[in-house]
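Please take these sequences and the hints and turn them into a complete structure.
Residue numbers (this note's numbering), protein chains in the order written: chain H, 1 to 559; chain L, 560 to 882; chain R, 883 to 1017.
I should point out that these hints are in silico values taken from the structure, not numbers from a laboratory. Zero decoy hints are in this set.
Distance condition first, Cα-Cα at most 20 angstroms in a straight line; then the derived SDA-like pairs of lysine to any residue:
id	chain 1	residue 1	chain 2	residue 2
1	R	K953	H	E490
2	L	K565	R	T969
3	H	K319	H	E268
4	L	K636	L	R808
Partial pick of chain R residues on the chain L-facing surface, computed with a CB cut under 8 angstroms:
id	residue
5	A909
6	R913
7	Q930
Distance windows between CB atoms, simulated:
id	chain 1	residue 1	chain 2	residue 2	range
8	R	P1014	L	I832	31 to 39 angstroms
9	R	V984	L	P593	38 to 46 angstroms
10	H	I549	L	P593	53 to 61 angstroms
11	L	T793	H	D57	47 to 55 angstroms
A virtual CB, placed ideally from N, CA and C, is assigned to each residue, including glycine.
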Amino acid sequence: MSDKGKINEIAKERERWEKTTLPKWIRQSPERKSEFRNHSGTLIKRVYTPEDIKDLDYMRDLGFPGEYPFTRGVHATMHRGRLWTMRQFSGYGTAEQTNQRFKYLLKEGETGLSIAFDYPSIRGYDSDHPFSKGEVGICGVAVSSLKDMEVLLNGIPLDKVTTSMTINGPAAMLLAMYMAVGNKQGVPRERLGGTTQNDVLKEFFAQKLIIFPPKPSLKLVTDIVEYCTKHVPRWNPISVSGYHIREAGGNAVQELAFTLYDGITYVESCLERGMKVDEFAPRLSFFFAAHNDLFEEIAKFRAARRIWAKTMKERFHAKNPRSMWMRMHVQTAGFTLTAQQPLNNITRVTIQALSAVLAGTQSLHTNSFDEALALPSEEAVRIALRTQQIIAHESGVANTIDPLAGSYYVENLTNEMEKRTMEYFRKLDDMGGAIPAIEKGFFQKEIADSAYEYQKEVDEKRRILVGVNDYTTEEKQPIKVLRVDPKVEEEQVASLHKLKRERDNRKVNEMLEKLHHAAEKDENLMPIIIDAVRAYATIGEICDVLRKIYGEYKELIVI
Amino acid sequence: MRTLPKIEEIARGVLAGDRRSIARAITTIENNSPKAQELIASIFPHTGNAHVIGLTGPPGSGKSTLIDKIIREYRRKGKTVGVIAVDPTSPFTGGAFLGDRIRMQELSTDQGVFIRSMATRNYLGGIAKATKNAAKVLDAAGKDVVIVETVGAGQSEVEIIKVAQTIVVLFAPGLGDEIQAIKAGIMEIADIFVVNKADRANADKAVMDIQAMLQLNNKEKMWKPPVLKTTALTGEGVPQLIEKIGEHRLFLEKDFERKRSREKAEAELVEAIKEKVASSIIEELKREGKLEEFLQKILEKKMDPASIAEKLLNKKFKKQVQK
Amino acid sequence: MQNQRKIRVLIAKPGLDSHDRGAKIIARALRDAGMEVIYTGLKQTPEQIVETALQEDVDVIGLSILSGAHKTLFPIIMELLKQKGLTDVLVVAGGIIPEEDVPEMKKLGIKEIFGPGTRTDKIVHFVFENVPKRI
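Written out as C-alpha cells, the structure is:
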C-alpha cells in the first residue's frame, strides 16, 4: 500500500474509533475540559496519528543532527559528545561575594559562568549615582569599573572558563572590562570565550532596560559584532533573547517569532555595515525560556532551529553551515515560580529543564526554588544545579539525540509553530521591520494582551497554578531567604570614590573626550571604550557621554 | 475621608500658584460639581495671560517626546508651563488609561511645570469645556504657556483642540497614510504643521505632501500655516517651532483676530446659557416627576424634542413674565 | 450636569526595577473597573511619584517593586507624601516584598501589600472598598 493509502486507512480507522470506542468513554467520564488549548492558542487534539504529519519529509524537514535544516540538533553528536553547559546566572552584593558564589558553583559542577549585574550597572549608572540609592548589589553584582571586574573574576581562569554576561546598554563596557581582565591574566582576546547578551531590540518591548533610543542602540550592538568578528572570534557578541519576551507575558509562539525577527534585524544591521553574512552569523547565539508545557517547549526549540536555518539560507544566502546553526542557551521560566509552597518550584524547574534537554539546548540555567522570594540561597542554587546533573546522568534522556523526533504530536506542533512564526514575519516585514513595529507598539500590545489573558485565566481558575489558586495551604513553609547586607552599598560607594581619587583622572578625561568625538563621527566605539575602561573610567561616566550624544529614551507604554 | 477645603480657599490657592490647589481645582472642574462654577467665576478675571497651545497628532508621531522638548525650551527662556494631556475614556468600562505624561515625567518635579492628565469621560461637549476651564485654572495660576495635548482622532478631539489659541498638528513620516488619517476638521483649524522624526528618509516628502494639501485648501487665510520639521529625540527644530508659535501669538493680537476672539466669546456664552437653561429645566422636570412622561412622548414618536423644548421654555418664560 | 466623579489611581514603579508586567496588568484591570489610571512608566524617583500624585490629585497610589529596593524607597516616598500633605491618599504596594518586611511597610502607612499570586479582582475590590471618600 502507498504512504497515502496507509494514511487514508488510518484516517478511516480513526473515524471508526471516534464513532464506536470513544463515545462510551466520554459518556462514562466526560473529558476535563470541552477543549484543550495551550497558552499560545493551539488546539490540542485528543490523539495524534500519522495523519497529522502526513506531509513530513524526513530529509527535508528533519535531516540528521549537524546537517541542514538542523531541526534535530546543530552538532552531530550533541549531548552524547558533550553535555550542555550548566551555566547558572549569578550575582549579588559586592564583586567579592559574587566571586565566592562563582567559585562555589564551579566546585559544585557548573561548567560555565553567567554574571547577573545589579540594576544600576545594567542601567549604566555607577554605584554612587542618586538613582542607585537602595539598589546597589540587590538584584545582581555591582560593577562600576574595571577594578570591580578584576575582583569579580579573581582566580577564575578565563582561558578555561566561558562567561555569559547579561548586559545590554553597557555591553561594550563590560566586554571591554572582561577583555582587560583576560589580558592581565595573559589570555589574549583571540582565546576568550563567552557571550554578551547585547540584544537591545527586546529591551524596548520586554526587559525595558533601555538607555538610548533605537537607532543608536542598534549601532552600538553592531559595533560590538563588528569588533568581535575581527578580534574576539570565540565570543558570541549577541544572545538574541526570547526569555524576557516570555517573562513579560508573551506566549511561546510570540517568543519564537519576535526573537527570531530580532535576529533577522541584527543580521540586516550587520550587512548594512558592510560585513559578510558568513563572517559574523556563526557567532550569533540565542536565549530562550523553558516553560511548563513540556511538549510545546520542545516543539518551540526545534522549530527555532529549523526556521533560523532556513532564514539564514534563503533570506540571507549564507553559505557556511555554521551561519545556519542556532546555538541556544535556555533558562527555566522565572515567572512560573511561586512564592506559595516554594519547594514545588523544584518540580517545575525539573519539567522545564527536561524540555530544554530533550530539545537539544547547548547551555542551561535552572532557577532556584526560592527565586519568587529573593535571590537564590546557596542551598537552593545547589539543588538547581543538581537538577541538571540528575537529568544528565540518571534519566538517560541525553543518551540519544532528539528523541521526540517522529512523534506525531511534537512534529505537528513544531510545524504549527513554524507556520505561525512565518505569519508574524510577514506582518513585521509589512510594518517595515522591528523598529517601526516597536514605535507602533506592536510587540508591546501583543505581549500585554497575552499577559492579561494569562492573568484572567488564573483569576478565573481556567488555569490552575498549584499552591496559588488551588491546592493551597494555610501554613507557611518557613524558608531562609538571601538578604543582601545594606552595608554593601556603603562599601561599594566608598571603594568607587577611592578609585576615582587614585586613578589618573587626566587620562580618564582625555579618553572620555575622545569617546565623545568618536561617537559624534559615528565610528566603531569599541576601541575607544576599551581604552577608556583600561584607564578605569566608570560605566556611568562612559554612558553619560553617550547619553549626551544619543539622548535618553522613554518606552512606549501599551497596557 | 478626603476633606476638600472651601472653594474660596482653593481659588485663593490657585491665584497664589499653590500646586495642591491647582490640582484640586482641576478635579473640581473634572467632576463638574456645583462648586465648579463658583470656582471659575472667582478665577476668570485673572485669566487671559497664558498662551494656550493645542498639540495633536496620530499615535507614533512623537507628540509626548516633542512636548517634553517644547517645555524645556520654554523653561530655558524662563517661562512657566502647564500641560493638560487628554486621553479617551473607554465607552465600555468608563475607565481610562492616562499614559501621556510618561515622556515628560522628568519635568514633573520642576516647580515651573504643572502636568495634568484628563480623561474625556464621554459626556458630549463636556470634555472641551472641562479642558478649557482646566486651562483657565493654569492660566490664573500664572502659567505663561498652557499646552493642551490630545490624540488626533475622533470628533471630541477636534473640539478639545479648539480651546487653544494656537493649534499645532504633528505628523511623522512612515506611519502610513497619516495625512489622510487625520480628521479633516483638524487640518482646517491647524495654525502650524510639524513633521517630526525629521531624520527619517521620507520626512521631506511628508513636508511636501502637507504643503500640497494646504494649496488645495486654499482659503483666504490671513495666517498661512507653516510646515516645520523637528527631531523630538534630539530637540532639533524645537527653538524654531517655539518662535513660530510666538509669531502666531502676535498675529492673534491684531485687529482682525480680535474679531475671531469675539466670535469665540459669543459661542462660549451661548454654550453656557444652553447648559444652564437645559440643566435647570431638566432638574425641575425630575423634581416634579415629569421627565419620564416627556421621554415617552419622544420614544413613541408623539412629539419631537425641539417642540417639547419650545413648550417647556414658553411655559417657563411665561411663568417668569407673570411673576 | 452630572457628577462625573471617578477614582483616580497612580501606578508607580519606583527605582530601577524594570519588571512591569504586573503593574501593567493592574493598571488595565483598574481601568476596566472604571477608574482613571495614571501610569508613569519605569524609573521613577520618590520625588517624581509624589509630585505626580499631587498634580494628578489621585485617590490611590499603587507602588510596584520587585528589586528589593523597597526598604530604601518606600520610607522616602511615605515621608514625602506626608510633607506634601497627601496623607489622605490610599497607598498600596505589590511585587516582591518578603513577608518579614510587611509589618514595617504597613507601619509607614502602606495599607496593604499584595504579593505574587494575588488575584487581580481582589486588588480591584480592595481599592473600591478602601478608597477614601471625598467630601
